[in-house]
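Residue numbers (my numbering), protein chains in the order written: chain Y, 6 to 112; chain S, 566 to 680.
Please keep in mind that the hints were generated in silico from the structure rather than gathered at the bench.
Ideal placement from N, C-alpha and C gives every residue a C-beta, glycine not left out.
One thing to keep in mind: the hints can contain errors.
[To be verified] Label-pair restraints from in silico Cβ distances: (1) G626/S / P13/Y: 41 to 51 Å; (2) T596/S / P112/Y: 37 to 47 Å; (3) N57/Y / T582/S: 23 to 33 Å; (4) N635/S / S44/Y: 44 to 54 Å; (5) Q594/S / L111/Y: 21 to 31 Å; (6) N57/Y / S583/S: 39 to 49 Å.
[Unchecked claim] Computed from the model, here is a short list of chain Y residues facing chain S with C-beta under 10 Å: (7) L53; (8) T69; (9) D71; (10) S104.
Below, each chain spelled out in residue letters.
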Amino acid sequence: SQQGEEDPQALSIQEGENATMNCSYKTSINNLQWYRQNSGRGLVHLILIRSNEREKHSGRLRVTLDTSKKSSSLLITASRAADTASYFCATDGGLTFGSGTQLTVLP
Amino acid sequence: GAVVSQHPSWVICKSGTSVKIECRSLDFQATTMFWYRQFPKQSLMLMATSNEGSKATYEQGVEKDKFLINHASLTLSTLTVTSAHPEDSSFYICSARPFTDYGYTFGSGTRLTVV
Numbered sequence: 006s007q008q009g010e011e012d013p014q015a016l017s018i019q020e021g022e023n024a025t026m027n028c029s030y031k032t033s034i035n036n037l038q039w040y041r042q043n044s045g046r047g048l049v050h051l052i053l054i055r056s057n058e059r060e061k062h063s064g065r066l067r068v069t070l071d072t073s074k075k076s077s078s079l080l081i082t083a084s085r086a087a088d089t090a091s092y093f094c095a096t097d098g099g100l101t102f103g104s105g106t107q108l109t110v111l112p
Numbered sequence: 566g567a568v569v570s571q572h573p574s575w576v577i578c579k580s581g582t583s584v585k586i587e588c589r590s591l592d593f594q595a596t597t598m599f600w601y602r603q604f605p606k607q608s609l610m611l612m613a614t615s616n617e618g619s620k621a622t623y624e625q626g627v628e629k630d631k632f633l634i635n636h637a638s639l640t641l642s643t644l645t646v647t648s649a650h651p652e653d654s655s656f657y658i659c660s661a662r663p664f665t666d667y668g669y670t671f672g673s674g675t676r677l678t679v680v
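Only chain Y is shown next, with the shape it has when bound in the complex:
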């Protein structure tokens, strides 16, 4: 099964700053997804990027994909305290997750 590994494991920033987290995976993919999980809750699907796409935007989210490096990044612009959560990536096999990036946005 394929696995996404996120880094950094933890990120703490001030409100208004941008947050960037990265994901690496091991084998070829058709798409890659990013999810958010608030403490003690289920995961929320944020965005999906296909293997033939290099960049995708959704609101304050920007995702890039580099299939040659088997990596993706998630950028959250103008962060808010409500963005505090764990962020995970998953590939289209989709079934295994890395340990996630714990983002803390300080007010």
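Given chain Y's structure and the hints, the job is docking chain S onto it.
Leaving out everything else, chain S in the frame of chain Y:
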């Protein structure tokens, strides 16, 4: 949008008893659903893949007789933790994918505490 409903949100049970967790796809049919387990501050671990009308596929190290999965309809999968022990206490989450080439939709999770 696609919604997966999971019930209950939390449950406390005594050691030795069994607990059933339900996962429903509300506005789409899910021939396959996935069950995960998550310990505090850790990632999701896939336990099993639930297949409608057939046996579930369990990940290595997951006891089939301990975690019974039933997927009797296109919108409902259940996970039963049998003879629960305190070490089974965890956060259990289900998911399904409405369409191919689409993200997974997750239930809100079930916090199981075995006392």
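Could you work out which of the previously given hints the structure breaks and list their numbers from low to high? 1, 3, 4, 5, 8 and 9
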